[in-house]
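Asks: Here are the chains, one letter per residue:
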Amino acid sequence: MMILTRFFCLYLLLIGCTNKSDVASGEREVFSVIAGAFKRDAAKGKFVDARVLVTREKIDAAGIPLLFIELESGQNGTSIKYPGENTGDVWLGIDGGTITLKSGMLLATRGMGDDLMASVGNLPNLSQIAGELTYDKKQIWLSEDNKISKLNFTCKINGAAKPTEIDVFDKKFNVRRVEEQCQANNVDLLNLYFIDDRGIVRRSKQYHSKTLGYILIERLD
Amino acid sequence: MFKGRLILNSPIVLGVTTFIVLNASIGYAEEAKTPSAKTGFENATTSGIHEQDRTDQHVRGPSGHRLLSAKYPILPRYKFLCWIGCYKNTADPKSVSVSNFGLPGIVDMPSAQRLPDGEIILTQQLHEALARSGMSFQLLPRLGVAFRYSGHGTGGNEANGRVNHDRSFDAHLNLIEGSKYLPSVAIGLRDFIGTGWYSSEYVVATKTLGPINATAGLGFGRLAGKNAFSNPLGALSNDFKLRDKNEVGRGGTLGTINWFQGNASPFAGVTYQYSPHLRFAVEYNPDRMLREANYLKLNSPWNFSAQYRFNDMMSVSAQFLHGSTFSLGAVINLNPKRPPHGAGKETSPVPMRARGADAGAIETDETSLKNILRIDGFDVLRIQEHEAHMRIELKNTKYRSYAQALGRASATIQRFSGDHIKNATVSFFKKGIEVASYKIDLERVSWEQFTGETKIGDQGSISESNYYSPGINVEPVPKFRYGFGPYFSHRLFNPDLPFSVETGMELGVEYNFTPKLSVSATVRKSLLSNFTDNKRLGSGGGTLPPVQSSWGKYDIAGQDGHINDFTLSYLNRLSTEVYARGHAGFLEPMFAGIGGELLYMPKSSPFAFGVDIHHVRQRDYEMLFDLQRYESTVGKLSMYYDNGGPFNLEMNVGKYLAGDWGATTSVSRRFANGWEVGAYATLTDVPFDKFGEGSFDKGLYVTLPLDWLTGSPTMSQRTFTVRPITRDGGARLASARQLYGLVRDAREKQVLREQGRIWK
Chain A
9 MMILTRFFCL YLLLIGCTNK SDVASGEREV FSVIAGAFKR DAAKGKFVDA RVLVTREKID
69 AAGIPLLFIE LESGQNGTSI KYPGENTGDV WLGIDGGTIT LKSGMLLATR GMGDDLMASV
129 GNLPNLSQIA GELTYDKKQI WLSEDNKISK LNFTCKINGA AKPTEIDVFD KKFNVRRVEE
189 QCQANNVDLL NLYFIDDRGI VRRSKQYHSK TLGYILIERL D
Chain B
-17 MFKGRLILNS PIVLGVTTFI VLNASIGYAE EAKTPSAKTG FENATTSGIH EQDRTDQHVR
43 GPSGHRLLSA KYPILPRYKF LCWIGCYKNT ADPKSVSVSN FGLPGIVDMP SAQRLPDGEI
103 ILTQQLHEAL ARSGMSFQLL PRLGVAFRYS GHGTGGNEAN GRVNHDRSFD AHLNLIEGSK
163 YLPSVAIGLR DFIGTGWYSS EYVVATKTLG PINATAGLGF GRLAGKNAFS NPLGALSNDF
223 KLRDKNEVGR GGTLGTINWF QGNASPFAGV TYQYSPHLRF AVEYNPDRML REANYLKLNS
283 PWNFSAQYRF NDMMSVSAQF LHGSTFSLGA VINLNPKRPP HGAGKETSPV PMRARGADAG
343 AIETDETSLK NILRIDGFDV LRIQEHEAHM RIELKNTKYR SYAQALGRAS ATIQRFSGDH
403 IKNATVSFFK KGIEVASYKI DLERVSWEQF TGETKIGDQG SISESNYYSP GINVEPVPKF
463 RYGFGPYFSH RLFNPDLPFS VETGMELGVE YNFTPKLSVS ATVRKSLLSN FTDNKRLGSG
523 GGTLPPVQSS WGKYDIAGQD GHINDFTLSY LNRLSTEVYA RGHAGFLEPM FAGIGGELLY
583 MPKSSPFAFG VDIHHVRQRD YEMLFDLQRY ESTVGKLSMY YDNGGPFNLE MNVGKYLAGD
643 WGATTSVSRR FANGWEVGAY ATLTDVPFDK FGEGSFDKGL YVTLPLDWLT GSPTMSQRTF
703 TVRPITRDGG ARLASARQLY GLVRDAREKQ VLREQGRIWK
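Keeping their order, the protein sequence lines are chains A and B. Its first residue numbered 9, the first sequence is counted upward by one per residue in the numbering used here. Its first residue numbered -17, the second sequence is counted upward by one per residue in the numbering used here.
If we strip away everything but chain B, and leave its shape as in the complex, we get (with noise of 0.2 Å):
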């Protein structure tokens, strides 16, 4: 049942998954918009006076959903997965212990534990023999995964002397929540992508009795080791009662899946919370680590641990492992769902006033209205009214909220537009073009505001409009814009160099021809460099064209000063569903070439389509105005989805830039304040082992908005991306696919998303 390698040589096998887990997670998202029957709270909160919240939460559990099969019957319910999403997770970051591997645990071993919904979790640990980074994001409220890169060894030739460097996932499932008879249990993968150095499976249970968490396992793989028994689960199937040898490739796959096979160890360990700040924690960890053996003295199964915990979000910890080694570590907890400034704080919108027959005569007011427009942020590229309607044509320059804008905006014509304008549309524009059109029923909003009651949809007070006005061509001013300031560029997980920055100035310039033409190009200049110190700049073993993992000769080649981008693009709506873009020029550092892509996003639907086509030429290191011989047609077909729920899907088909063809699949979970947690994996027709190290590509990807962070309104955001092996197989023109990002924001399954905020 367990037995041998999964097939994930198909992108449909992965599209499908991706859709089962997204379909599963939609009754997670409804829970949240659904009324609850019971008076009380109707939505998750966090702390304080919204304590009872968490009550009512636990109380409704997963039924009552109205599942996104209900309203698209093409998608199946898969009960199994809706259980793991629909639950809703509230528990306290601070009450949960997490372990050197970044998911709930004691010191080394795992505890049963869930982290609350959404939790982002850094972790750091350092010790003579170990230097290990990792990420966790509990991805949903019973599921979580981590990432980690770790340095191993002393005295090897690696940097910082390790002997190897390696990146492994783990995923950790709680099975039942804990009462107060009942202990919490989990099960548990280790490093089931990759190489298989921390190979290993759990099934956990933990107790919490007042200060006291009190755990007990068993282990399997690598966490049988001593006192190791024969497997229980042999009772069930022989398969297994032997584990199944590791055959691991090139890495980065799921290899063979002989979890659960094989012996068995127990493991047990106890955390005590001594005060709100101190945490003490003892461990018995049975795993004999044979494959530190060169480098690590093991004279004690028992580990301990004292953790500080400084505030919610972070805690430091001195650890006494194996009877030999001490260890330092640092656990830094975020998650979306806990802005450090709550709703954020920004002027009050223009109150609505009083209409219909209770209020005076009251003409429209055209000069207050641009005034306040403007103030709050919006370019107004055009207004007119027509008998009872009036058009309105923004540019949003300053809440990345489209919802809140919205908001805004629609109060602003409400109360300076006159007793005659009954309904108004409110267009935003984006790089010269309409992205989005909203129609509002002015007469129903001036009550909404204050109910919560507002409905977007078609049947609502607000209402995603079809129109656009091809005519329209504001000229944008100024017509030349510069920027000139400092940018920072990071490299990750070469194992001479883990970690390398560069800082330096970079210009910045564009030239409107019109509002949908223009040409721009930054330059860039380094100061501050360590990206010259590394060594390895071939392709890392692979045998395809390097069009990628040739990026350290232009990292160098680039230091005297490179052009970054240099191109002409020109952007339109061609019609009410049709997006276009095209450009020409060096489309980014290490590609010059001419293509376009065309995006098909009807209103209202979940659904977006695209496709892309380039001739690239691939650029030479110093990043000037030459190019090499490599040349490659490249284009996609895209399906974009997204219903305004928890989770996105994005599919790519179509040919890459070493020419090989394949799919990318991404997933994506998406919070209502703008937090987008990712990832993505391309499967193309390059052989596992062809493609080199880590057999395919594949990373992961935040996005953190800074309104979250600041608690101000800003249209700013910042993606960082984590690339585990950066090879030539599956690589992609960053620059291929602009549209769907362009204007999905401002569509509206993201204004339902965050729906709360319209009147904020």
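Chain A on its own, in the form it takes in the complex (with noise of 0.2 Å):
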């Protein structure tokens, strides 16, 4: 028995020996790839909370712009502004993904899985919402199958006129609760946004897609 558990061990050490990957073998290839997914599907869900980890007076020492993105999960992390001059308002977040914005409205996401590959349409801007808004707005995602997935929503958006408080990382933010209503065929979106009087989006909840469906995007800095 030991001599096969030894052999067992010394089998899977000889696994994937190899300085390139062209002449793996096919079977060391898919060893190694399976065995790459393992380990990330061992590393999902551990995450280090940033509720705990970020504190108000770590924000306003960092001076820099920062956001927070919680999935429904509860999965969340921080993101920084995407150094340049970008297409979008770009935040990239430290696993590696980005999370694009318009005045505070979600653009697109990438690095996330099912990502949100586009938003498009006269969207408004979301500082300068006053009464109610109806527009056009597109969304695209990737099918299964690799083909652009659309949803073509007509959106109604309400500005709320009285402001209220919100707290953002133990810092208070007047702001004003603008809801986002958007319809294609019977799907329903519900989208919120909290805008202080500066015109920043403190708060949002708005809607990414299938598999992660709402996220929540506050603003730290």
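Don't read these hints as lab results, they were simulated from the structure. Some hints here could point you the wrong way.
Claimed, not checked - Think about it this way: if two alpha-carbon atoms lie no more than 30 Å apart in a straight line, the pair counts; the simulated DSSO-like pairs of lysine-lysine are:
id : chain 1 : residue 1 : chain 2 : residue 2
1  : A       : K89       : B       : K380
2  : B       : K380      : A       : K218
3  : B       : K585      : B       : K421
4  : B       : K731      : B       : K421
5  : B       : K585      : B       : K377
6  : B       : K412      : B       : K352
7  : B       : K421      : B       : K380
8  : B       : K507      : B       : K535
9  : A       : K180      : A       : K164
10 : B       : K498      : B       : K585
11 : A       : K218      : B       : K437
12 : B       : K461      : B       : K498
13 : A       : K110      : B       : K437
14 : B       : K352      : B       : K437
15 : B       : K404      : A       : K146
16 : B       : K413      : B       : K507
17 : B       : K437      : A       : K145
18 : A       : K146      : B       : K421
19 : B       : K412      : B       : K461
20 : B       : K352      : A       : K89
21 : B       : K352      : B       : K421
22 : B       : K227      : B       : K672
23 : B       : K380      : B       : K404
24 : A       : K180      : A       : K110
25 : A       : K110      : B       : K404
26 : A       : K89       : A       : K179
27 : A       : K146      : B       : K437
28 : B       : K352      : B       : K380
29 : B       : K412      : B       : K498
30 : B       : K352      : B       : K404
31 : B       : K404      : A       : K89
32 : B       : K352      : B       : K498
33 : B       : K76       : A       : K218
34 : B       : K162      : B       : K189
35 : A       : K146      : B       : K731
Unchecked claim - A few chain B residues facing chain A, derived, Cβ under 8 Å:
id : residue
36 : P321
37 : G324
38 : A325
39 : K327
40 : E328
Even glycine gets a Cβ: it sits at the ideal position worked out from N, Cα and C.
With the hints as a guide, dock the two chains, each given alone in a separate frame, to form the complex.
Replies: Spelled out as structure tokens, the structure:
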């Protein structure tokens, strides 16, 4: 039995022993890829809870624009502004994912799995919403077969006149609540935005995808 | 009308047939690309919030498709076949009960339901007198096909005491999709290629009433058993009244076309979905089980089943059959369109930067460009700038999807090239040769990445380029490469040993003299094997030189360690459209030789043409340095067709290893996530009876991309080939044609197929 166990261990050690994947046999490639997938699966769900790690003192001390993002699953993290002049307002997370916003509205994500590939339309400037506004918005995802999958929404946006107060990581903000209702066939979405008097969306809850559902975005700085 | 043997001795028949199916299927392919006039989803998705898409697809139906014939008028429209393919199948796999025969059904009897498009079903059924394994595939939304391998009987001389082992093929065609008032209606053929053990046909209707599916139908052939009556189709033609006797010859062909002839018997059944996981079924089976009479008691025509479904993927069932037999079954559902990890997860590509008047002046940052590309899995071979154009040569080592690789490379170039660079050419290299080049309009793609409107082609922002640089000679690093690890090998369909496996260690080495000239070798040593238990070492009844059927002798003699391959190879791109390869040495385990191939593959064309010629000599069974006496010169002319749609075609015409002349036709369905399911058939001038059992060479193959399985980018993919019979007629040199496979994944048609992934 011991011989068998040792043999098996040796066998495992030898698996994937190569200096270049081109000369790896199919079997070794498969082992290596699947072993990698197991490792990633094992690491899944293990994340540093930014709600514990990040404090108001640290945010203020950093002195840079920071975004807090939380998924429905509870997984969360912070993102910094992508340096340079980008085609949108791009934020980079520590896991290599990016979120692109336009005046606080979710335009696209990458590196999040079932990514929102694009959000296109005459998107309103949230800081200038007064009363009700109707517009069209097309959102794009990837189907399981790598095809473009689109939803053409008709959206209605309403800004509340009365300000309210929210708490973002121990800092109070006076904000105006804006509701965006979008409808495509029988699909209804409700996105919420809380905008401060400088026109910055301090908190929003926006639909991302069928896999991740709604995501919470908070502007920390 | 249905009488007589189908003439299948001409490869042209197969070629034309496949072209018809291919052409017919294009409408189906285009459906996914054609934007819907309706508001809502514009492409198929599966569940949850995307549920609405199904309704949309059903409303649209087959109309409005841009057929291939619009672009290539030489191809006519075949509306009937288009109808088979154009109907978008979005059935829920959980709602479809699968029979022991691997296609929609009750227990043994068929139903009129249909599986989701692309569904792959693996089935296993076991009872005292039967071991049945099967693989089914929903080839088109309305058309499902199945292959089975069954061991029958008890007390026999074959493996596990079976009396015989039998391979069979089925087809199931959904004619009418059920609605509120109408039932679903389907017809099907069982065991229509082969020895006809289960030879039968059916017409069946199924009505869904909440959790109950009620099915009734008429069976012909073997299913015309109890309560048989004269064929109602006899009113249409006297040909239907009497069933012609099956003449199957050496099996493996359509044999006698006596479909829907002779008497008919009614059958019926009900399935009841008790809970999301549990389903009960009862059926009336008119089959008298005459072939099984020696070892199976038929006490009752009623069969019962309880099926437990664990998840989307797996279910098991317990059955009580024929009033005498307990049976166990298992079904595995897979579908290329249901990846376990969705669209996959990778780090974000580099975001594109603002360009134009609003942005600050930016100079090219070549260091960052190279570094980011390297981090993203590209080997950067060369970067050149000339006025407003940047040319960059890359080797993609990470992304199976060249659409994704192209998009990521484009985004990185867009960000780190200077404002004066207006367009770029990205060239992809594989094994030292340039396999594809694309021209990118950097201004246009800046905005297209977030609009989903990127067009690939002559008028698009990204187009395939004819450009290649014959002068480039980038040295591979390192020049010497090695790999050491396990290998696995298997053999199927030996009646004495239906499934045999071997594992051992393999050492692979390669030395590159230049990027295009290399020597490589693989040696193997078996460690654990039951290949040695194989007692069938003959040629299986054929009278041709044993060029392939002697594989059993190689398996046994090679146990002490053998040289799997040892070749000197040369690869080159001779011009913008011509690729060349030459190789010599121990080309594969059973043959040594010298030869080469040429591939003509114009840019953006769906067609490619190839020619290959080899002089080979059979290797000794030990697979070391000795050769046997048998030698032959083989060669093929090949035609490849891929228009970026779901179906690909390959035809090879020429001389085979045993000296026979003929043609091989392969048709495959290629999914946009790398899955490929295909079948091939080889017909040569060897008569069916001289070929031996199976009549002619044929097989099925499935390619599984590992990025689909793991959700992370990798270039790895595995192909599983199932050959019901390995004989010498139509035997091919496996290493003869590799150029098309090397080049095609990087070319425009495949990039178009996966276009959605370009900015992922």
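Asks: If you test the structure against every hint from before, which numbers come out violated?
Replies: The structure conflicts with no hint, since it agrees with every one listed earlier.
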